[in-house]
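Student: With the hints as constraints, model all of the structure from the sequences given.
Respectively, the protein sequence lines represent chains A and B. In my numbering, each residue carries its 1-based index in the first sequence increased by 14. In my numbering, each residue carries its 1-based index in the second sequence increased by 14.
Treat the hints as calculated values from the structure; they're not laboratory data. Heads up, some of the hints might be wrong.
Given that identical chains are not distinguished, each listed pair holds provided it fits within a single copy or across any two copies.
To be verified - Below, computed lysine-lysine pairings styled on DSS-like, alpha-carbon distance capped at 25 Å:
no. : residue 1 : residue 2
1   : K94       : K293
2   : K116      : K274
3   : K274      : K80
4   : K116      : K275
5   : K94       : K226
6   : K336      : K94
7   : K324      : K116
8   : K94       : K275
9   : K86       : K293
10  : K364      : K198
11  : K257      : K179
12  : K94       : K274
13  : K336      : K86
14  : K16       : K109
15  : K116      : K269
16  : K336      : K116
17  : K198      : K274
18  : K80       : K226
19  : K80       : K269
2 protein chains.
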Amino acid sequence: MKIVCNRTDLVSGVSIVSKAVSNKTTLPILECILIEASAGTITLTANDMELGIETNIEGNILEQGKIALDAKLFFEIVRKLPDNDVTIETDSDYKATITCEKACFHIVGQEGSEFPYLPEIEKEKSITLSQFTLKEVIRQTIFSISDNENNKLMTGELFEVEDNKLNVVSLDGHRISIRNIELKESFDSFKVVVPGKTLQEITKIISGDAEKDVIIYVTNKHILFEFDQTRVVSRLLEGEYYKISQMLSSDYETKITINKKEFLDCIDRASLLIRESDKKPIVINITDNSLELNISSFFGSMEENILIQKEGRDILIGFNPKFLMDVLRVIDDEEINIYLVNPKAPCFIKDSSESYIYLILPVNFNH
Amino acid sequence: MKIVCNRTDLVSGVSIVSKAVSNKTTLPILECILIEASAGTITLTANDMELGIETNIEGNILEQGKIALDAKLFFEIVRKLPDNDVTIETDSDYKATITCEKACFHIVGQEGSEFPYLPEIEKEKSITLSQFTLKEVIRQTIFSISDNENNKLMTGELFEVEDNKLNVVSLDGHRISIRNIELKESFDSFKVVVPGKTLQEITKIISGDAEKDVIIYVTNKHILFEFDQTRVVSRLLEGEYYKISQMLSSDYETKITINKKEFLDCIDRASLLIRESDKKPIVINITDNSLELNISSFFGSMEENILIQKEGRDILIGFNPKFLMDVLRVIDDEEINIYLVNPKAPCFIKDSSESYIYLILPVNFNH
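Tutor: Given below as structure tokens:
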């Protein structure tokens, strides 16, 4: 194989596929990036057997072929090369020579044909949405997946399509995050659970450009994201996702409207007095036009008042401050509505059109 | 005590003195910041018994007094307060109430009079230089102190003054860094060894402004840096510093002039193929108008040529790449001169006026 490509293109391509390089594996080839030059296309591929990414880069192919190179070393080398044309040439012993201006590296690779190809995905069911929307949806839900591998399904997110609606859900047993998106057209229905890791890596790669699309294809076992010059394939999580409809209710006893930033800053200050391990709740006392927040711990105590609009009954309720902050940080609205029933029942933070719904369970507290 | 001051002033003051808060101590009071309001001045002090910092901040004193507050918690609280006036009030049980807008914190402090005051420094011997110069001098020498506590003097830097010359030296047994500064006027001679940690903290605090001065006072035991509203007092390291004059020589067999950035980038690339633990040298082959760098390791090999100007003999010599990079990173000149004698003798990197001199010992290598 002999190819010439621009260092900037190479760096951005390697940076994209690197997200799927395995870092704990017994198969050394999975620590590599496959470079393949054939039929006018240079393709970079990485695959940790759960998640696979391939991307095409610009360049001249002087001799077709393929080689698998250690991902970390190869990435470091191309990043540190001068910003100019890079030539990659391999010999029959899988030795690669990487030349750029007067710098010349020799590293030993592995046979390209040993590299596991990405699974072929049947392109039957798909949806199209903008990179911006996908990135937002992930950001606004990913924080409430669980990292407990015993509840495998909780480590992923539900992507459910019906007609022109996309419904994305994550939950961890203490809270539920829901985003409802209206798609530009109707698509065939599907319901899949995508691993959280896949979504975290996808958001790092997609640009967040509202003008650029992502096409998402699903099969029984896999999901494929196609955008720009890149394809990301991931296994799906298997099993029936939690039925959340019976947990959602629009009944409430108290509804408040509060300035999001004021509320977030106030909880942020209060949580200074708590160490994660304490599990100390913050206590919120809602009366007419006033929300009073109280916290008392080994380190000291704090109280603060915020002006609110209130409908319905007064209520005194405790929360894990982190759960409230996680939600407040991802909502873009300046004013938000919070719906409460009683100190044992979940509270809801949602907008009037229910484009987002966040459910948070309260915490017991001592008066 | 009751004081009112602006949150921004408070944050910047606490941030400055926090650099002297002890984080491993058996004396809990050393984990505190002393706030003292008396005679029209609000002073913040921290002191880990090696290094002490005090700074004055603006504010209104409604009631004189003092209190010691846990530095970490107090800093976190003031950082997260709204940007407005902050009132700090203490009661007879050393409980402090910190109020800002509607937020109100209560934390328990300690008796201010138990806090160890900074030593009084006799202001007999001093020099004055700009904050910019002091910051530069430290940046350009601090990397070659030793972190080995067995050679206590090597963990500090020599500050030697004679007439209008300031000479700053650091060394770690493999290399020496020297900066020679011409002061604006002549001062009484002195020769002290300042702990590296003190210098590292000082550079974080001083602004680097060429228009602002630092006055440095020395006694037998202490050094005091005075600038802006701040005083930093540190113990000195005791003992006779290494005599370096006999290690410096202006004889050479080979002199080269090389582009600093090209040389640095080239070594940076080459060092990709080395892990710190390897202790692999880079090998430099200097011939007429050409410097060829070679490295070969378990990971691969690399070679690169750089155009140079050369006087004198050809030479083949090995170096620890980190030592060369540390020096090249802090020199501002675009073109640098390197002086070599033979593959066993130290090389010198210095400018013609010797405002900087860097000595680096070479490393043995196998052909």
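Student: Go through the numbered hints given earlier and state which of them the structure violates, listing their numbers in rising order.
Tutor: 3, 5, 17, 18 and 19
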